[in-house]
Structures are given as structure tokens and as C-alpha cells.
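Protein chains: 4
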Amino acid sequence: MSALNDRVKTSSGFYVTKEAPIATDNPIPTPSVPAPDILRCAYMELVVTDLAASREFYVDVLGLTVTEEDENAIYLRSLEEFIHHNLVLRKGPVAAVAAFSYRVRTPEDLDRAVAFYTELGCRVERRAEGFTKGIGDSVRVEDPLGFPYEFFYDVEHVERLAWRYDLYTPGALVRLDHFNQVTPDVPRATKFMQDLGFRVTEDIQDEEGTVYAAWMRRKPTVHDTAMTGGNGPRMHHVAFSTHEKHNILAICDKLGALRLSDRIERGPGRHGVSNAFYLYLLDPDGHRVEIYTQDYYTGDPDNPVVTWDVHDNQRRDWWGNPVVPSWYTEASLVLDLDGNPREVITRTEDSELAVTIGADGFSYTREGDEEKGFKLGNTL
Amino acid sequence: MSALNDRVKTSSGFYVTKEAPIATDNPIPTPSVPAPDILRCAYMELVVTDLAASREFYVDVLGLTVTEEDENAIYLRSLEEFIHHNLVLRKGPVAAVAAFSYRVRTPEDLDRAVAFYTELGCRVERRAEGFTKGIGDSVRVEDPLGFPYEFFYDVEHVERLAWRYDLYTPGALVRLDHFNQVTPDVPRATKFMQDLGFRVTEDIQDEEGTVYAAWMRRKPTVHDTAMTGGNGPRMHHVAFSTHEKHNILAICDKLGALRLSDRIERGPGRHGVSNAFYLYLLDPDGHRVEIYTQDYYTGDPDNPVVTWDVHDNQRRDWWGNPVVPSWYTEASLVLDLDGNPREVITRTEDSELAVTIGADGFSYTREGDEEKGFKLGNTL
Amino acid sequence: MSALNDRVKTSSGFYVTKEAPIATDNPIPTPSVPAPDILRCAYMELVVTDLAASREFYVDVLGLTVTEEDENAIYLRSLEEFIHHNLVLRKGPVAAVAAFSYRVRTPEDLDRAVAFYTELGCRVERRAEGFTKGIGDSVRVEDPLGFPYEFFYDVEHVERLAWRYDLYTPGALVRLDHFNQVTPDVPRATKFMQDLGFRVTEDIQDEEGTVYAAWMRRKPTVHDTAMTGGNGPRMHHVAFSTHEKHNILAICDKLGALRLSDRIERGPGRHGVSNAFYLYLLDPDGHRVEIYTQDYYTGDPDNPVVTWDVHDNQRRDWWGNPVVPSWYTEASLVLDLDGNPREVITRTEDSELAVTIGADGFSYTREGDEEKGFKLGNTL
Amino acid sequence: MSALNDRVKTSSGFYVTKEAPIATDNPIPTPSVPAPDILRCAYMELVVTDLAASREFYVDVLGLTVTEEDENAIYLRSLEEFIHHNLVLRKGPVAAVAAFSYRVRTPEDLDRAVAFYTELGCRVERRAEGFTKGIGDSVRVEDPLGFPYEFFYDVEHVERLAWRYDLYTPGALVRLDHFNQVTPDVPRATKFMQDLGFRVTEDIQDEEGTVYAAWMRRKPTVHDTAMTGGNGPRMHHVAFSTHEKHNILAICDKLGALRLSDRIERGPGRHGVSNAFYLYLLDPDGHRVEIYTQDYYTGDPDNPVVTWDVHDNQRRDWWGNPVVPSWYTEASLVLDLDGNPREVITRTEDSELAVTIGADGFSYTREGDEEKGFKLGNTL
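Chains F, D, V and U, in that order, give the protein sequences. The numbering of the first sequence is our numbering, which starts it at 1 and goes up by one. The numbering of the second sequence is our numbering, which starts it at 1 and goes up by one. The numbering of the third sequence is our numbering, which starts it at 1 and goes up by one. The numbering of the fourth sequence is our numbering, which starts it at 1 and goes up by one.
Everything labelled a hint here was simulated from the structure, so no lab data went into it. Even for Gly, the Cβ is constructed at its ideal location relative to N, Cα and C. One or more hints might be untrue.
Claimed, not checked - Only part of the chain F face toward chain U is listed, based on derived beta-carbon distances under 8 Å:
| hint | residue |
| --- | --- |
| 1 | TYR168 |
| 2 | THR169 |
| 3 | LEU258 |
| 4 | ARG342 |
Unchecked claim - Pairs of lysine to any residue, SDA-like flavour, derived with a Cα cap of 20 Å:
| hint | chain 1 | residue 1 | chain 2 | residue 2 |
| --- | --- | --- | --- | --- |
| 5 | F | LYS91 | F | GLU56 |
| 6 | D | LYS9 | F | LYS91 |
| 7 | V | LYS18 | U | GLY134 |
| 8 | F | LYS18 | D | ASP154 |
| 9 | D | LYS18 | D | PRO301 |
| 10 | F | LYS18 | F | ARG347 |
| 11 | V | LYS18 | U | VAL158 |
Taking the hints into account, I'd like the entire structure generated from these sequences.
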């Protein structure tokens, strides 16, 4: 469901509105208590089936820094990070996501998180000693959308290695940028995230108001997480930032040199949504990792919300390069608080893949262009 | 005055502390009322003596976008901006700064600004129609440090041109990043800015605790403004961001091609403080403009505060290249609310220029290195 | 036909040999007279059907410099060029290539060109006043492979604009790099070009010795021209260089901003062959233009010849991204000296497209890998 | 001595002529026999006093690849090289240059080298087994200018690591680009090098015709070597190339991180001469190494020769940044064939340092500008 009134078309082909043009007929109730004050996405806990293989990918290939490791888990951080980790690789029987973890502003925000999710009837677990090394008092929940979310304030500080250029590789990852979640009902998920204090920055819709994806933020970038329409709850990707575009190209070059080019799923390219430069990789378990750089500041409360037409062939790739189908269909399982995979619910609304490619779907390079200009041959 | 206890030396040679290691014996009283909630530095109003010459510099050379102009003023913005302007060039008899303007979170924050500065005994002026085109209800003050500060929420939205790559130049400026102010007593100024809600991210001190400069932020970058020790109140520079380092090099190349290389005052180089890549230019009136890219995220409330030793030759330039003396001594006048230049008060504490170069001063490349390693020949 | 004896496999997966591992059973006779001493590929004369549309593409979008123009033709050069032009756009009824033009070392080399091609029984035409503006005494031939080749020494010098950074765009084209020709029998064509003084730098073969393409040079880069196996004689592309990779990305970004992303046929990416970074565009007539940067020095007479396995999925794109089928099948007609399109002869040997993709073909990421690792989903 | 007739001033401020505008009253006789056909500068043999310290600099910091090493010498190459080495570090008592080594086109060119230098009365030594590992039959001479030159064709091939992106560092050096020699009489040296088959590409002169430096090439870049006016024979620097400018910045950043920023003598910056991006470093013995990227193609026989006015402040640095005095005055000793340092002869003509800076000298940003615009404060 959408509310596209008052939208303005820009000279770049997308629309802007003052408020997120998304509404839902099936909302999760808004809690009566305040949401925790979330600072930013802070780390993801990934379950991997072969710890050595994952270490090779994240440490030897991507160059993340090992803060700490043991036989069951590896704690990794990016070069500009000062908290203990941005990624936990934990050995387990089924590749999945154990936690999307956010840092909150104060210790008291953990009490707020408990109250917020408890009122929603969610399962909530709090551990004073934390769920992973390096993190203290933490709250984990099974959220109303089925995702395992974590909140923490207390964390071990480690050295920010930003100035340690002797440690940089050509593809150096400097920050965790965002998560991306797959969920069947994007408007419902978006409304819930707005209640949690997130603000929408961009979305993809069609003229009937079907919403295919929405991006939302706490820190003033395009997103801390996004909701991608599809069978879910699943994890679409976790994204790390580089300083410049050539750093992303260097990762591709290195994967070629290591004869691992089949780990490159999509890209590199320029996103329409977010205006960032991107690359999607698949880790040894098929977890998707985005490498990302140079989106824009979104911190003003009236930051214009951008809406892309799902038929605009430049929305996902500004250069009109095709999106590989697996990027739409594949994603990682998520775990409940007992460590069991959550059941995946099928999306019933239109799929972006179907409406943009193939028998019934279409895309255009120039709106209204009768020839479409869509690079079909590149896809089929 | 400083509080360097509990500082930890990093492997990069600087120190980190949990809280800003700055204290003052001569504080401006902390108001009893809350400070306005400042979002970010938003624009600077510069008085220029030759509007055509300034237009050539900022529009034709630097490529800022003209939102609006008339015979007396030009309103300019960067490519990723959606508010009316980031820079106002206003024709006037004396080159100076008329306003350091910040955007606040809500309209009600203007009431807070009035109360905050009124309690401090400052001159405060509020105009519902704004002081410049494109801006609505605004408050201007002569702050306790002598600077003309502005606060506003209401602003005309214009198109964010971030996706308009057909308009990009090789040196495209995408954001306003920060201001930099010259003031005689840095600890006193820092304490005042902390009361206004800023948080210190980095500073430069000596072992006696003399503070030579401090950087402080509202948005989660290294700074929205910095306090540089020197004769003041004066404006040291205003800084715009590029996406990548080559964009900054392209500006240098273009200035060479236009035979305007003498507009390059210092750089390009890598800062120690902020870890950003930088360039300093002088506009036709001698107003200093920094071009800046790639500092780091500072948005967590416990972001480690970095303290540099004033004798560390890599603090101002990570490559140890010398700082040209004019960069320390020259700065722009600032105006009071009647448009008259403020009197400049002489700094009485040690000057950074003096303690690092010349007869009594020294710098080192490696702390404790007897040979110093300072690139003296490059400076004297 | 191939001679792969004595080849050595490198740690990068391709092979090197001392001499070009290409032989032909059907050679064009080697002339008894010496070949002209060719310096470099110098310009291409393109016939375009809509001069204004082509001007918009090459001048407004790609930023080539207009040396001279009239109602029938436009003479364009790159920023580092000092001869009159690197590209002539001439208005005509059928989109085609009128000349692949090479500069020779001395005026006397024109006599050698006449003798060389005359002995081969080719049609040869010499004009003291040149065939285009800016060029003096020139020889044009219909070569034994059916291509219109030109040779000249005398040329008007124009200003090299390399230092004019005020004229640079973000995607600035600085040099003409190479041509690429489509011909049915690559070994036969290669042998002929070797007689003309070219040296092979790289090729693509299969284990039976079928040659799919070969790259050859006069100036010490990977190529001045390449022979691509396919129905020919046709022109595959003409390539211009940028300084850096971000310049190529900027061209993509600009095409997106202009809603011309469907002009991007393939890329950007990293070539296996040549190790260069690339992008392929289609001009308004469908002429293919490559943007290219950073291959390697090949000027030593014993420069190792690189042979790629046609089944190596990183040969055409080091990152394993798929080659769009049109890139293999589409090419521009070439003209005879009367301006009539040459008949296109069908290639009878295996096609690279067929042997690498689809029912019978295959590619691998890692040689010997049973799972292949080929990114099939991305292509089919 | 100069021949500046027929020079044309360009829009970039320098002059172009058809032939090198340099003449000498005191020429070395032109041999009656042909010069060897030189391909390119191939390697330098450096004597270093502390092999471990030099290894740390060239291998650990700069990332050159060790082809082979023993207790007395280290053989290093760049990533795109296929011959055994581009640099030999040989342990010895006095830091100096033992050989400027060039590769020739054929084995027979060694006979030509012997005849050429023998006729000039130079000391000539030929060794069938080579003077260093990896090189076969070689000729070393003490040339008429006092420099130890080597010529070879036979060389061991090693793997070109250009595609091995897993081995690249952020500051990867991909090619040896050129040498630079200090000699008292530049016109005399230039004339001799022209006899040896070099062609001048650029020079620096004053209006009286004093020549301060000249650049000359065999391969089609701006130079294989340059003659810098000063006390000589000495070696000014040896230069390696990177692919892009950010690679050079990364070397600076790494030196800062290693607290070795005092190894940065000058730069980074954009040269006027050559239009390349540059950085000058000093190795542990004070041997100067340039890191260099992106000059232009010079391979045509009528490539325009560029002459810069010595008073043009953008000739050495296009951005007008000052040249540190040590860059003009310091250089490495060169050895005779017995391994003894050659005597250094004082230059008697004007020094570039003196005529451009200080009491009698001057520079301008804009020719004819009365205010000069020279960034004096930056230097004195």
C-alpha cells in the first residue's frame, strides 16, 4: 500500500515526497512505550558451516581484522571501528543469521527495548554478560517480523586502525554500513521499523502502490537496514564500506587472481537507489556480502524520501545492467533465539523479478520510450 | 588547560581518552536552559568585495551550483544538498564572515536558541522571514566568543543533484563538511561549545596541557566546527567534501591550467587530525576554503577522543609536509549583527607555529628520535 | 591452427610462449618487398547516418575535442593527441567504417605501402592531398582481408591539450588506443598482420588449436588492432583510453544521468586478455566504442605471448561476468574504396560464443573444477 | 645554448618546437659507427651500505618483488616486468650507482655498443656471463659524461605478475619508468644522448638560452632518462610507475603509518614537465626514488618538443608548490667500472635553484604578472 500523493518527479527520473509514501492495511500495533534510541547497525552474527573456509574469505580475501578468535567463533572488525567487532562468524550446523545487532545510545535503552518488544508479545532474552565476546549487557528478541534482533550499549573498545595504512589492502573495508532483510510484506515491515524509530529514505514501488523494497536509517546514511520484498524472514545481505570505488574494483581483481570470481554474484555497479557504488559477493556458505561506497547524508528530519518506479531499469543499477535472478531469489535463513531456523513465509504480492523481466514484466530506460531501451539481450 | 590522565597511546602515535581532555579555568557560565538541538553546519554567509570575481572562483572553478542570484548575492549549494544553499556570497565593503549557520532539528529549537543566548547576555536577533533568501524563521546571535552564529529550521527544499552526473566536474563538491574558527582561548571555547551540545572528537595539546586546537561535532563526522588557537574571533576556513581523493587532485590540476596555482595555499595532503585528505585554497578575498574527503564515523556517544602531541610532525600532515606559516596566521574577519567587523583579540598562550618550527620550537617524526627526523629543510 | 608446444602455464591460469602460437594452412603470400614501418593506429573514419546525433554522443557525452567540422564531417581528437584527429565522423547513407588509419614513420613508408599491397594484388589508391582534412599524402588500400586500411605520415599538428585540465570532464578520453576487426579466419589474418610488421601479444585458443581471437601491436601496448573471429570483414570496435578507472565509471554514471544507459553494451569490467579495465558503448549507429585503461608495456621483441584457454571464464572478463551475446555477434560493416559495403563472409570455425555458453559449450572458473563454477545463472 | 627560433607558445604557457631547441658549443664528437638500438631503461644497480635496511624499504615498504637474493645482493622487479630485475641492491662500502642499464633490441647491438664507445675513447668492458645474476652477455662503459652505462639483450624471463592482484599492495609499483642523471653541462650531455639515439621530449630553459634540464626517451614515454643540470656525474633518481594516482597517495599514507614520513622528500604533486603525477622518496642511503604515473605518448618522430621557462613556477610542480632545496642539490655518487666513485664536477652555468628562488631569482604563476603570484611564503 502506498501514498504517492504530493510526490514530485525529479530531473533524475525518480520521485520525492516529504514523508515515506508507504501505508499498511495490516499493521503491527504501535507499542505504548518508547522505542530504544538506536545509534546504528553494529554487527551481524553469522552461523557458518566451515569456520576455516569462512576465515579465509573474510580475513584472507576481504581483509577484515581479527579482534579475537577461538575454535568456535571469529570476531572481526573493519579498519575504522573502535568497538569489539562488526561481524561474528560462529561455527554451526546450518548457515544462518543468529543476530542483527544494533548499538543503542545508553544502557537505559536496553530497558526500553525489553519493554517495547514485551508489549508486542515477542520473545525477549536479556543477558548481562552478553551473547558474544566483547559485548556486555544485551537484549535479544524475536521481532514481530521473525528476525533475531539484538541491542546493546556496553562494549569493549579496541584500537581504531584507521591510521594504520601499513595494514590496508587495496580493497580495505573501513566500516560496517548496513543490513538488508527479506520480508514478505514490505509496508507492514516498514511501519514497524518506523515505530522502532527508523526513517525511510528510499523505496521502490509501482503505480498501483505495491512496494517492492524500502530503505531506512538511524545513522544519517541511506540505511542501517532495508526491507526487501520476498519470502522471509531471511537475510539478504550485510554491507561493508570502502573509502573509494577503486577499492571495490580491487576486490574483484583479487578474486579473479585467486580464481574465485564465481564468488562475485552481481556488480560492480552504481545503484540507482542510494546512489552508492556496489558489489555483491557470496561467502562460502552463500551468505551475501555487499561492498558499498559513497551514498549521501540523510540526517535532516525532512530529508526528501525518494521513490523509484519498479519499471525504471536504472533503479537497481544506474547503468541499466541486469540484476542476476539469484540476487532476487536467494537469501540466508535466520534463527530464533533457540538457534533453530525460522520458517520462511512466501510473499504473495508481485515479485520485482517477475514484473521487471520476462513474459509479463518490463523495464524502461527512458519513461514513455516505446522501444523501452531495456537491455533484454543482456539478461535472457 | 588539560586533563590528560587516563589517556592511552595508540600504535599510530596519538592518544585516546574517553572524554575530551580539556578543562578551562575561565569558563563561560553554563546556561540553565537547554541548548537548541543542532543537526549540522548548514551554510556560511561570506561578505566578498568583488562579486563577479568570487562567482568565477566558486562557480566556474569550484563548480558549486547556483540556486539563485541577484546583483548583491549568490546562493550556492553542493551536489548532494537539498536545502537552498550551503554558501552565500554577499557583496560588501570588507571581506568577512556574516554568519556561521546551523540547521536545528525542529522549529522549537529556535526558541531554545533565543533563551540560551539571552541567558548568556548575548545580542540575539530573530527574523521570521529569515536573513537570507531560501531560509525562513531564523535566529542570529553574537556568541560569547564573538562569532556571528545563526540557527534555522525552515528552509526551501531544492533538487538534490546527486544523481546528475552530467553536471559533475572532475573536482565535484558534494557536501558542506565543516567550519573552522580562530579563537584565542581554545579550552574556554571548547567548554562553551560542549554546553551548546557539541562533542569533541580530536585535539592538539602539548605536555603542559596547552591546547592548540579542538575539533567538535554534531553530525557524526569529525567536526561541524573546530576551534583553532590564534587571534580571534576570526574564521579560519569553510570546508566542502568531494567523494574521492582524485577529485581534490583534479581541482589542483584545474587551477594550474587556469594559471591560478597561487590560490593553492597548502596541500593537498593527508591530515593526521581527522585522517581526511585535504586541500586549502584562498578565494579572491583571501577567505580560506578547504576541500576535504574521507574522515570517519564519530556518532557513538563514547567515540574515543583523539589527542595529538603538538610536537608530532604528522599531526597536521600525516606525510610530514610542512604547514605554510600563513595557514597559521591568516584568517577572515567576522561581523557583528550590525555588519561591523569584530575586534580581534590576541592569543596569549603559545602559538602552534612557534612551538613547532624555528628557534624554540621543534617537531619529531618519531617520538624520542634524537635526530628528530623533522623535514626542516622543507620549511626554512 | 596453433603451435602450442613449449607453452608454459602461469600462476594466473593462462599460458605464455616465446613466439605467437599461431600458424595457418591458408596463408596470404608474404610480399617480397618490405612492409611500411607503422608507428601506431592513428584514427578511424566512421560513416554515420545522423551527424548531429553522432556529434552529441562523441562530443557532448564522451567529450572528444572538435578540431574542425563542417556540414558533412566532424574531426575529433583525444586530449593528449597532437595530430589533427583520432576520429572522423562522416555523414553517409550506411553506417560503416571507411578507414582504419595508421601513421607511418616516414614519408617514404607510403611508397613501401604502395609496393607492399600492389604486390599482393590489392586495390591501392594514393592521394597527395589526403582523403580527409588535416592529413596530407596518404595511401588507402583494400587489404587482403577485405578491410579499408590507410597509411599516412604528413599531418597537421594541433595543440596537445594534456595540460588543459580546465577542459577535462570526469570521463576524459586521453588517447586513441586500438582498433578491433572481425574476420572469419584468425590465423590467416594474424599471419598477414605479422607480415605487415605486427607482433602478437595475446590470443585465445582451445586445446584443438582453434584460434578465436588474437591481439597484435606496433606501439608497445597490448594492441594497435586485434583480430576477432567472426563473420567479416567487419569492425568490432574502436578504443579510447582514460587515465584511470574512475574515469570509465564516470562515463557510465553520466550515461545513466542522461537516461542513455542502454548505450552501455558490456562492462565496465577487467579484461583477462590485456589486463585492462574496460567498457563497451554503442554509438547512435551501433558502432561499438571501447573505453580502456591500464594495459602493460609490450615493446621488447621477446615480450612473452599470452594464450588464454577459450573455456577459461576469466579470459574476457577477469571477474567472470558474462559477455552479452550481441558483443560476439554484432559489428559494423566496412567499405571498399568506392564507399560500398564489403560483403560479409561467414566464419566456419567454432564460434567463441557457442563453445563457452549454452548447450554444447562451457566455461570454468578453476580449470579442472568439476562444478565448473561458471556463473551460468547470470547469462541464461 | 639554445635554439629557440620557431617556437610556439601554447595555451598552457610553455613552448613547443619541432626539434629539440638545444645546441652545444662543446660537443662530444659523433661516432662514425651506428649507436646500439636501445629499447628502454631496464634496471639500475644501486650500491647500498645496509642491505637489510634497504630490503625493508624496497620490499616491505614499497612492495617490489624479490626475484632472487643472497647475502650480497637483492634482485627486485615491478609487477608488470618479465625480465629478471629492474633494480639490484648490492651491498658495498659507499652508497652509489654502479650501473644505469638499458636493454637493446638484439644481441648484435652489444657489438655496436662496444664499437660506439670504443671510438669515443671510453673504457668498455664486456662480459658474456653478465655483471649481475639473471643477465647474460653485457657491455658496461664509462661514458663520456662519466656515467656507468650498461647494455644487454640476453636476460632470464620470469613470470609477469600483472594479473596477480592477490600480491598487489595499495601502492603497487608496476613498471620501471626512467632514470635521471645530474650533469654540469646539459646541452653537451643532450647532444651526446641524441647521438646515442635518444630524442628530447621536454626541457627547461631561460630566455638567454641556458638549459637547466632536458628529458629524452627511447620507449615512447616522456623519458628513459633525463639530464638535470648540476654538479655531476651523479644520479638524481630512479623512477617506478603506479597505475593510478591514489597508489602514490597510499605510499605516503603507509610511510606516515610507519613513522617514516621523513623519507618523503618532495610531493606528491603534478609535474609541469611530463604532466605526470609524482612523489620523491629517499631510501636509507639517501638514494632518491620517484614514484610516477600518467605521462603521455611520445613515439611519433615529430612529437612536439616542449620547452618550459625556468621562471614558470608551474614547470616543476603544476600546482606551484615549492621544490625543496635538497631536491636540487643532493644526488647519489656514481661509480667507475672499478667500483670507485667518480669525481663530481661543479656546474658553472646558473643553477635552477638560484634563478627561481631567493635574492636574485624569481618565479611567476602568470607570465607578465607584476605581483608574480609566486608562493614565496611557502618556501622561505
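Consistency of the hints with the structure:
At a threshold of 8 Å, the smallest CB-CB gap from TYR168 (chain F) to chain U is about 5 Å, leaving the interface hint in force. For THR169 (chain F), the interface hint holds, the least distance from its beta-carbon to any beta-carbon of chain U being 7 Å, beneath 8 Å. For LEU258 (chain F), the suggested interface contact is upheld, since its CB lies about 5 Å from the closest CB of chain U, less than 8 Å. With its C-beta approaching chain U no nearer than about 38 Å, ARG342 (chain F) sits outside the 8 Å limit, and its interface hint is violated.
Taken as a hint, the LYS91 (chain F) and GLU56 (chain F) pair is honoured in the structure, with Cα atoms around 14 Å apart against an allowance of 20 Å. In summary, the hint linking LYS9 (chain D) to LYS91 (chain F) is not supported, as the alpha carbons are separated by about 35 Å, beyond the 20 Å threshold. Proposed proximity of LYS18 (chain V) and GLY134 (chain U) is supported: the alpha carbons are some 18 Å apart, at most 20 Å. With a CA separation close to 14 Å, the supplied pair LYS18 (chain F) and ASP154 (chain D) stays within the 20 Å bound.
Distance hint between LYS18 (chain D) and PRO301 (chain D) is fulfilled; the C-alpha atoms sit about 10 Å from each other, no more than 20 Å. Distance hint between LYS18 (chain F) and ARG347 (chain F) is unfulfilled; the C-alpha atoms sit about 28 Å from each other, more than 20 Å. Only pairs whose Cα atoms come within 20 Å are accepted, and LYS18 (chain V) paired with VAL158 (chain U) is accepted, the gap being roughly 12 Å.
The structure fails to meet hints 4, 6, 10 from the earlier list, while all remaining hints are met.
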